[in-house]
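Residue numbers (this note's numbering), protein chains in the order written: chain A, 10 to 320; chain B, 20 to 308; chain C, 4 to 529.
Just so you know, not all the hints are guaranteed correct.
Only some residues are given here: those of chain B computed to face chain A with a beta carbon under 10 Å [said to hold, decoys possible]:
1. L39
2. V43
3. G46
4. L47
5. F61
6. A163
7. P236
8. V286
9. L293
By construction, these hints were calculated from the structure, which means they are not laboratory data.
Keep in mind the model is a prediction, meaning the values are calculated, not measured.
Note that CB positions come from ideal geometry on N, CA and C, so glycine has one too.
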Amino acid sequence: MGRFIVLRTLRGLLTVWGLLTLVFVVLRLSGDPLEALLGDDAPPEMVDYYTVLYGFDQPLWRQYLQYFWGLFQGDWGQSFRDGRDALEVVLERVPATLQLGFAAFVFSLLVGIPLGIVAALYRNTALDRFAMGFAVLGFALPNFFIGIILILFFSMTVRWLPSSGTGTWAHLILPVVTLGTAGAGSIARFARSSMLEVMNRPYMRTAQAKGLRRPRRIMWHAVPNAAIPIVTLLGFRLGDMIAGSVVVEAVFAWPGVGRLLVNAVTARELAVVQAVIVIVTITMVTANLLVDLAYAWLDPRQREGRNERKR
Amino acid sequence: MSASVDPDQRSLLASHRPSLLVSVALGLLLVLSVCGLFADLFALHDYTDQSLRTRFQPPVWMGGDWTYPLGTDALGRDILSRLLYGLRISLGVALLGTLIGAVLGTFLGFVAAHSKGVVGGAIMALVDAQAALPFQILVLGVLALFGNAFWLFVALVGLAGWETYARLVRGAVLAAQQEGYVSALWALGARPWRLYARHVLPNVANILIVQVTLNFPSTILLETALSFLGLGIQPPLTSLGEMLGSGRNHLLLAWWIAVIPGMTIFVITLSMSLVGDWLRDALDPNIDP
Amino acid sequence: MGRKQAVEDVSFEIARGETLCIVGETASGKSLTALSILDLHSPGVSASGAVVLDGRTLLGLSDRTLADVRGRDVSMVFQEAVPALNPVQTVEAQLIEAIRSHRSLTRNEARGEALTLLTSVGIHEPERRLVAYPHQLSGGMAQRVMIAMALSAKPSLLIADEPTTALDVTVQAQILNLLRDLRTQHNLALLMISHDMGVVAEMADRVAVMYRGRIVEMGPVEQIFDAPAHPYTQRLLAARQQARRTPVRGTSGAPLIEGKGLSRRYPNPRRWLFEARSETVAVDCVDITIGQSEIVGLIGESGSGKSTIGRLLLGLEAPDAGSVTIDGQPMPRPGEPRWQALRQRFQVIFQDPHSALDPRCRILEQVKEPLDIFEIGAAADRPARAAAALDQVGLDASVHRRFPGALSGGQKQRVVIARALVLQPRFLVCDEPVSALDVSVGAQIIDLLARLQRETDMSLLIVSHDLSLVRTLVDRVIVVKAGRIVEEGETTALFAAPRHPYSRLLIASAPITHPRDRRRERLTAV
């Protein structure tokens, strides 16, 4: 187990390092970044000023080290627009996104897992078909379109819920449903198939042969085993959730990181874009690390960090 | 005492003929592809023609007239014509993107499985890195740096799915290497290229076909989402996502401007998902041919 | 909608203290019959008829009512014990659950009971096993845990579905002994399902023979063995009691392959990042010689390194120490040109014929492929050569254009043999050639191998755990244990008077061929 944690953490750090390097390479080396920033008709003194300011006159390895040293110290560059620290600009948007993302994540779990389990238990019934129909719809409906349909109905036709902004619980409902539906669909599908797989395992027949009643067989033997693969899916879902929040925040004018990113890309605010990417990367790597640990903790076969019965 | 086995339970897909639903999905995809392909033949107007006098015309079923069967948008452009051209761009970009991802990913997957040393390790590290960052975010970063250009955008969409293919193919090749018949042929003296070409590729092909159909909806969603945000396909070109994005500002006045392209995207992704699911079951390698 | 009738009109009864064996081959419906008693089928299987236990009808009861019967009155033990245990729960949790679902004991009392049960099924250090997870148990150990669990509520009937099929012979003998003891001790009715006439001879009071979903013959065990009435029973018995093949020649032939001081180690994965790598020694300083046109048997249990020895002799793996010579020449390393040429003359047949053929390639094509690889003969002649090889193994033109999926296991193994044979090898290694096949089919494959050896004069190395197979086929036997050769000798002599204690245990553990040979003395592990 100790080896496992160390290895996974090292691998996570390596991934962060690799991605940061990639960001550096893409931002600094592909073409003249100043030309991209200032346009080719910028006055030479302005170009010189920025060249020195950003250290573009330094040798490459030096720039690379400075880049990491800067990141390490929390100096992630300035926003062009108001000269504020890019990190600060991003961090002040994080709580709103976390609120939305967390709520949507819980929503997709609460809807997806029970739906998948019930679909598996009542396989090939109307209930199953309904649940899987929902899952396919959740995947096929683009989230921006879900958002627009929801706004059309709940905000414009029956006028129950606000279509944009933040502040109250009512503001949260539509964005959360929009962001969580796709996740709920894919979790339901996955939960169903892993339940079906587990239900066919020999130990389920043993549980039956022991004289256990169906509810106990399902809750004590099927669900814990089916939960193991579902946990790994959650790590993947987080990435989709982050990507989705960009769109959903745009649709509902939610003042989070996603909307900031879209605006920064439109305005080509490189420092802000870079800060968002770095924060997302660290979040994802941490989340995947946690998922791996949870996986190892749930599955005793993984706990030893190796498979003894090879060969 | 007697016992009987319901054969339908053993393989629910004993007959792999497409169900009615899948047939309808296939039909819809065909119709939409033809519409996109021959957009210039079917379009009643130039899709960029603006006319301020005919803004916000409703579709025919809401009291509009046949000059603009699906109505007009905020600039008075014909929605039907725009939809046809949008289909062409969206389907085209998604198709190209899917192909780029599939070819690149398959190739790298084979390489990673064959050379387990530095090269394979590097490829798998790239796969890990790509999986660690939501691709949409990375695309936004690149677009911020380089600005938007059509072919850059297509290339980015193509890079979206490669790591899934690479992982799948590598896994399938490694699994095939463990198969009895591959190790038997290796023991028999068959060289690697022969094994890959004759015995591994045919078994990987099915997985690839299925992945292409399952990946296509994601690709089209990536393009439409970015275009929706105004960061993908740029006017004067149009795509389904771009139409939806520009239509969402007029929901109160003319909801159809956004809903018509939205429904079209939905029909495409839903049909493709249904076809993909059906193909996955029909081509299941566990069922003997 | 057609439903397949898998078991038809099967009737039998079983008394307390009695062992009834249902014997039959794959898909004969024997397991389905056993599962029907407790209605343990997967969805889609339905049973009709009547199951009566002490005057009470079981079949047709609801799952809730049956739950009280399962485990309390009737228990069941399955073929593969490790997967039959819940992988995420400890042995303790699973045992206590079984105990407490039928008896009102406190958790602590149940734990004490669990320890008693584990001791009674012959598990040493039961305290230590209680906290183990299933994957930490060996197959035999897991089967003991399953038996303990099955007996936890003192049932009157125990159903054992191929309980020892997945186990090594020595472990099998121990588990069979245990079952016999427990049956007497608890006055159990024991219903055993088996494909192995040896197990039947060992255990049964009465035997029911199943064939294609029906019981074709039933009676006391001596009667079945002495006077089998149904042709299928006769075939089953004949498969076991094959005529001894008289060795064609002794070991006088010149040595074809010689291995000297062969060792092969595999590194274990590290548990801690900077831990020194430990190694598993698969083969340890083995000297082995295969003569020209000799048939040698290599026997040992799983993990004994016997397959690795085969791979070393073939040159598919290189030894870490020691050397292999062929006709006095050193063995080339994988990838060298001479190695490639060697592949033509050294052939191997793996255990599982189902995976040994490409499912998407036609039969004739697959047999022809070795000729293509080595570019033997004109391309136009190759199909005819392949067809001749198929003919040699008893397959006619009707299979040529088929896919492997359409062939039976025995036919597939014949195709695999033909594919090896088409290159006219000098040396053929058969790694467990019949263990994936039904008994009567396996017997045919053995006959085929013996005949082919006579016709082609090649050398054969039979790697197997199955003593009866080795005994009937080979000239010389080599016994391996834990990577070392413990004994080696001419077949008849070695079986008559094994010198090493492990050979003795192995031979004593082998299933007997007739109930009269049932041994009374207890075997002890070495």
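In rising order, the numbers of the hints this structure does not comply with: As far as the earlier hints go, 1, 2, 3, 4 and 5 are violated by this structure, in ascending order.
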